[in-house]
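Colleague: Sequence:
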Amino acid sequence: MAAVTSFSMKVKILNIAVDKTSKKAVVDRVRVFLEEKRKFLLVTPNPEIALLAYKDVKLAEIINSADIAIADGVGFKLASPSLAIIKGRELMLDLFGLADRLKLKIYLLGAADSVNKLAVKLVIKKYANVKVLGASGPKLDFFSVPTNGEEKKIEEAIVSEINKFRPDILFVAFGAPKQELWAAGWLPKLKVGGAMAVGGAFDYFAGNAKVPKIIEKLGLEWLFRLINEPRRLGRMFNAVVVFPLMLLKHKFFRA
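Read in the UniProt record's numbering, the sequence shown has 27 at position 27, and its numbers run on one by one without any break.
By construction, these hints were calculated from the structure, which means they are not laboratory data.
Only true hints are included.
Quick list of the computed label-pair ranges, beta carbon to beta carbon: (1) E161 <-> L248: 41 to 49 Å; (2) K125 <-> V241: 36 to 44 Å; (3) K10 <-> L102: 22 to 30 Å; (4) G200 <-> N64: 19 to 27 Å.
Here are the computed lysine to any residue pairs in the SDA-like style, where the Cα-Cα straight-line distance is at most 20 Å: (5) K24 <-> A84; (6) K178 <-> E155; (7) K103 <-> R29.
Every value quoted in this text rests on a predicted model; they were computed, and no experiment measured them.
In this text, a Cβ means the ideal position worked out from N, Cα and C, and glycines have one as well.
The task is simple: from the sequences and hints, build the whole structure.
Modeller: Shown next as structure tokens:
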């Protein structure tokens, strides 16, 4: 079996770097990591996360030191037109498939309790060879620290359960930057094969955030979500307006 090698090319976007690769190559690489028992962190930055990382040195460091950083957002093509966009939610499903083929264990951490439970049930239903556990997790502040003593106890109980279960892949859905901070901070202490930050992918998997295929192909998912979820206006503005402007500023006006 060949040893793990780095992806051949990185693309710099503001102050983070993402892998110029394909979804299949990512799945293959995760498989090699698991076979070689090399613990890994997989992150899924999009334009909104790139903006957060531009202001947050720690988040940028986590993304840049991750073993895999995919480009999860069509806006990244403004920085690199040839960059393949890999949706984190679709990659998560491909990794569920890998887990099914290899008879692995996975742990789903995050999202609302009802969503998490439904996602676990769906994994059991659709991927018969996968052993799965899950929990919605503790309430965390912006720095990914439990908000009070009770939430800290919940976190400790979940960490204990994860270490007892020893999942091959831990999927973390706290939203950015909490999921990246939490996964990077805890990964050295967790008995897992690796971890992936998945954002709202559990909601998508559970059927709560489906987008028509034609809308996805046209690159208009942001407009669909804005119409259906007006509360996301601020986030959409950052991704669709602020991010392109920051790219221009970074390219033409940096010192």
